[in-house]
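Visitor: As a plain string of letters, each chain reads:
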Amino acid sequence: MSTWKTVCELIEIPVLGSRIVRSESEGDIAVFRNAEDEVFAVHDKCPHKGGPLSQGIVHGKSVTCPLHSWKIGLDTGEAQAPDVGCTKRYDCKVENGMVLLNLA
Amino acid sequence: MEKLKLVMIGNGMAGCRTLEELLKHAPDLYDITVFGAEPHPNYNRIMLSPVLAGEMGVKDIILNPLDWYRENKINLHLGKKIEKIDRVNRTVIASDGTKAQYDRLLLATGSSPFILPVPGNDLPGVIGYRDIADTDMMIEAARLYKHAVVIGAGLLGLEAANGLLLRGMDVTVVHIADWIMERQLDKASADMLMHSLEQKGIKFKLNASTSELVKGESGRVCALKLKDGETIPADIVVMAAGIRPNAELAKAAGIHSNRGVVVNDTMQTYDPRVYAIGECAEHRGVAYGLVAPLFEQAKVCANHLAMHGIGRYTGSVTSTKLKVTGIDVFSAGDFMGGDGTEEIVLHDPSGGVYKKLVLKDEKLIGAVMYGDTSDGGWYFQLLKDQQNVAEMRDSLMFGEMAHASRVGDVGHQGHNKAAMMADTAEVCGCNGVCKGTIVKAIKEQGLFTLDEVKKQTKAASSCGSCTGLVEQILASTLGGAYQQTNPSDKPVCGCTDHNHGEVRKAIVDKHLLTVSDVMKELAWKTPNGCATCRPALNYYLISSWPHEAKDDPQSRYINERHHANIQKDGTYSVVPRMLGGLTTPDELRAIADVADKFKVPTVKVTGGQRIDLLGVKKEDLPKMWEDLSKAGMVSGHAYGKSIRTVKTCVGAEHCRFGTQKSMSMGVKLETMLFGMYSPHKVKLAVSGCPRNCAEAGIKDVGVIGVDSGYEIYVAGNGGIKTEVAEFLVKVSTDEEVMEYSAAFLQLYREEGYYLERTCHYVARVGLDYVKKIILDDAERRKELYERMLYSLQGFEDPWLQAVKDPEIRKRYEILAV
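Protein chains in written order, with my numbering: chain A, 1 to 104; chain B, 1 to 817.
You may find that some hints are simply not true.
[Claimed, not checked] Straight-line alpha carbon distances no greater than 25 angstroms define the calculated DMTMM-like cross-link-like pairs of lysine to aspartate or glutamate that follow: (1) A:LYS49 - B:GLU217; (2) B:LYS599 - A:ASP91; (3) B:LYS215 - B:ASP191.
[To be verified] Far from chain A, some chain B residues (derived; all Cβ distances over 12 angstroms): (4) LYS99; (5) ALA188; (6) ARG273; (7) LYS458; (8) CYS495; (9) ARG534.
If you are wondering where the hints come from, they were derived from the structure by calculation, not from laboratory data. Cβ coordinates follow ideal geometry from the N, Cα and C atoms, glycine included.
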């Protein structure tokens, strides 16, 4: 079952930036926008020590965690080698300038 | 478009390193074909000795497994020796008839052992020592036979002798010169080495030349006859009397060669389509036989193959280290000395220690060490850097520790003896990495550089204070194969080949104003950089073009993007500005009120004389700032690569010893520097008298009041490695303190590399240079001062901006679903 929900307008997320979306069931989710206007959503916790990924620097399709610089792939949620770990990812898309998030 | 064809002849360390570098630069430029005469993928040839000695297996020394070739779509021909290069048709032809066309050809054919021209040199049982097959043959011989003779007591010969001895053979080394390893050691150290090898059981014949290898009944070699008539039994004879570059193929194709294939500084041969690299190449008259220079060559060669056209190879200084377990020998440079040189020698024959340092014109030009080689890496660095050692001369012999302790250096930036550390000793205190883990990673994963060790083990990847130590461990594990890179020359990060200096120069020269312009101009390899390069670029832009380049918040580290200090749980800390550490009851009341209102769990007084409110939620930040702003308080910049605090003592305002008004001086300095971003954090202090209660001696700029004025000290550091600030100048007025301090900081802002503290900057350029600009050139000092004031003009409090500007304020809000 898909449960797409509208989060905000795309322009409300800075290019190469993010917004935090708070969900009662899932906790904080980081929604990112990259230079190509693609959007990604992952659980806002680094698999390393729980750092808020939403506050990291975004580059390509990755974000660097602000606490200890782990690089997390935004499309997979996986840490880049040699680090090992994974954070939950969510389906996320842009339709008519609105960012939609699927929490299912 | 069809890709260009690159063919590489030879599949060894130099060639494969070139391909690795090339694939990093231009992964899609070439269709690559590799011909290797051996049936193995690229392996670490310098580790054959431990294989022979039984300390490692063949699979342990493979550097590029077959998967690597597959993943990079390299067409690999193993066991095929190229017989001919047809330059007219740009084709190479292998022994089995395989042909390959090329647009670029890379010769990486290596070298061969020199086989003595004596009768019997082609008998079964007579071999060189070069590859896995030779090693296997020696291991096999050790199983079947008793007597081994090694011809040549160089590095390779001794390692072969040691290996065969450990495999149970009776080994004699025949050597033509007066002492062993005469290319690397002087007589004294060589005698000590020979003595300890004799104690292990190896026999030596010096001043001995071979006249004949005698054939036994089985048709195999059975003995070696010396010119003086003596006969030594030998079931296996290992020729280790030097190497010859494999240049025949190039010579036959008409490519100019002397000993090796002659190349220019870009590793090109006389045929511009053909490059040569490694042991087969001859550069400026030298054909290198050690691995470190080959890696430098590989970098340059790859750069040109990738058509970047930057990078030049200008030759290498080499050092050697013998890989015989339990025996430590090190030598580098011109260790024999001669006219115009001086020697410092320490010789303790019964203690088994010998060190000789050769100096010329107050510089170290050579070193030989036996027994205790733990400082080898340090000496080698001094030698390569051509550093003047006059000042450390009296402690030079006793190594880096002695030198470091003499200058009162309590830091620990690798000032330990890496080689003497136990495997269980912790090297990296941030990430909990011990020496054994690092050594294991270096050996098993074939690591050669600091970056590789950082990536694979995490050692030295956090605060970096153990970098020197990790480099020493690399040096002591790899020996001559380790090549330290000069940090200033390192690329900014993996996204570019340009170093910090080049990036800043491009920004200044070409008037670049945005991060993406810089990336375009300098051909960045990634679409929008990474968390390492973007903040650096943003800093260089805003510091080079104040009021022109626009600050890019997304290229700022989170603390500077949100003007608060991120903590381990994702909350922030807020530090309001208190000029010079002075505050008022009203300010304290405002702080107490916000702490109550926003339920701040921890309130702490900082080292910089401020009050830190810890544990603030991101969404509360603007609200808290709004309250603080109303009370007249602004951002304290405690979170940034920026001006942090000016710490002051009470001074002449109240103190009975005070000679100058340190509080008001501090307030003036901090007011002037409000909003100053810099390569790294900047801390100041002002003390009112030489008792120096504000601890000005460990600040980036420290001002100490004396009766007749102020003394200004610069480039101190109280952090990772304590550095005592150095005296810059004595001035008499407050205005001069402002001018000189600002001029120094502006120079640092314009020339310091991103994340380089003032102490590192001054160490890099030299205090004399700084003095020349700030003290001797009044005009430049004034210009620097004015540029500082200009770039700080109109700086708006970032807290107030976030309060007033709804667009900015939105960034702190949390969305809901």
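Visitor: In ascending order, which of the hints set out earlier in this document are inconsistent with the structure?
Guide: Hints 1, 2, 3, 7, 8, 9 are the ones this structure does not satisfy, whereas the remaining hints hold.
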